[in-house]
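Please work from the sequences and hints to get the whole structure.
Quick note on numbering that gives the first Met the number 0: the sequence shown kicks off at 0 and runs consecutively.
The hints are simulated quantities; they were obtained by calculation from the structure and are not laboratory data.
Take these hints with a grain of salt, some might be off.
As the list claims (entries may be wrong) - Label-pair restraints from in silico Cβ distances: (1) Val157 / His48: 18 to 26 Å; (2) Gln121 / Gln186: 36 to 44 Å; (3) Gly69 / Pro118: 39 to 47 Å; (4) Gln121 / Arg181: 35 to 43 Å; (5) Gly176 / Gly82: 29 to 37 Å; (6) Glu47 / Pro118: 43 to 51 Å; (7) Asp68 / Glu156: 32 to 40 Å; (8) Val114 / Asp142: 20 to 28 Å.
We put the beta carbon where it would ideally sit given N, CA and C, even for glycine.
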Amino acid sequence: MRKLTAALALSTVAVALTVGTPGSATAAPGTPGPAQHLALDGWTLLNEHGPGPNPGERLTAWVSARTVDGHARGHVVLQHVFGDGSSTRPEFDVDCLTVDASGAVTVTGPIAQTVVTPPGGQPYLFEPGRHPEAGLTFYPADDQHQRRVGFAVTNAEVHSEVVKCGAVPAGFWIIEGGAVLRGTDRQF
0 MRKLTAALAL STVAVALTVG TPGSATAAPG TPGPAQHLAL DGWTLLNEHG
50 PGPNPGERLT AWVSARTVDG HARGHVVLQH VFGDGSSTRP EFDVDCLTVD
100 ASGAVTVTGP IAQTVVTPPG GQPYLFEPGR HPEAGLTFYP ADDQHQRRVG
150 FAVTNAEVHS EVVKCGAVPA GFWIIEGGAV LRGTDRQF
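See the structure below:
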């Protein structure tokens, strides 16, 4: 639990500063422009160690995001359940949905809440009232057909910053599930 809590609270993932127009879709070959309607929906089982299964832990991401005429909305939930029964569950409200020239799809937004459950304990809100920007980026499959995802949260203590509409470098592998970007019918 300490590992993901630290990753969420003290995110050490460097953030790529590929910035699009807030709330818009940056046009990529074969993708609609900012005035189009986009929808990103998906559920994924992730692994932070590689493309295979991750026994003893369960890391999932659920996303439902929409852009209508340049205005983004939606919700993202990540949940990391550890072998000892503890968990961390950050949730954020979408303020931007973008597609970059490489086909990577990013959703960003302020953390609405992070619920932490210690081993055998009661859930509690981690840093209530704090709403740093968070980002989740789905990358197209690579040459080995591996699908990757990036997730990060802004944290001034470790000099990490998620920029609204900015892509997050890949740090996880999708091992089950996926996401679909409607408006392009692209799958991740």
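inquiry  = Quick check on a hinted range of 43 to 51 Å for Glu47 and Pro118, using CB atoms only.
reply    = violated (20 Å)
inquiry  = Tell me if the beta carbons of Val157 and His48 are separated by a distance inside 18 to 26 Å.
reply    = Holds: the Cβ-Cβ distance is about 21 Å, inside 18 to 26 Å.
message = Holds or violated: the 36 to 44 Å window for the beta-carbon distance between Gln121 and Gln186?
response = Given range 36 to 44 Å: holds, Cβ gap about 39 Å.
task = Kindly confirm whether 32 to 40 Å is satisfied by the beta carbon distance between Asp68 and Glu156.
result = Check passed, 38 Å falls within 32 to 40 Å.
task = Hint says 39 to 47 Å; check whether the CB-CB distance for Gly69 and Pro118 agrees.
result = Taking Cβ atoms as reference, Gly69 and Pro118 lie about 45 Å apart, which means the hint holds.
task = Check the following: the C-beta atoms of Gln121 and Arg181 are separated by a distance inside 35 to 43 Å.
result = holds (39 Å)
key: C-beta pair Val114, Asp142: status relative to the range 20 to 28 Å that was hinted   = The hinted range 20 to 28 Å is violated for Val114 and Asp142, with Cβ atoms some 38 Å apart.
request  = For the range 29 to 37 Å, tell me whether the beta carbons of Gly176 and Gly82 fit it or not.
outcome  = violated (21 Å)
The structure fails to meet hints 5, 6 and 8 from the earlier list, while all remaining hints are met.
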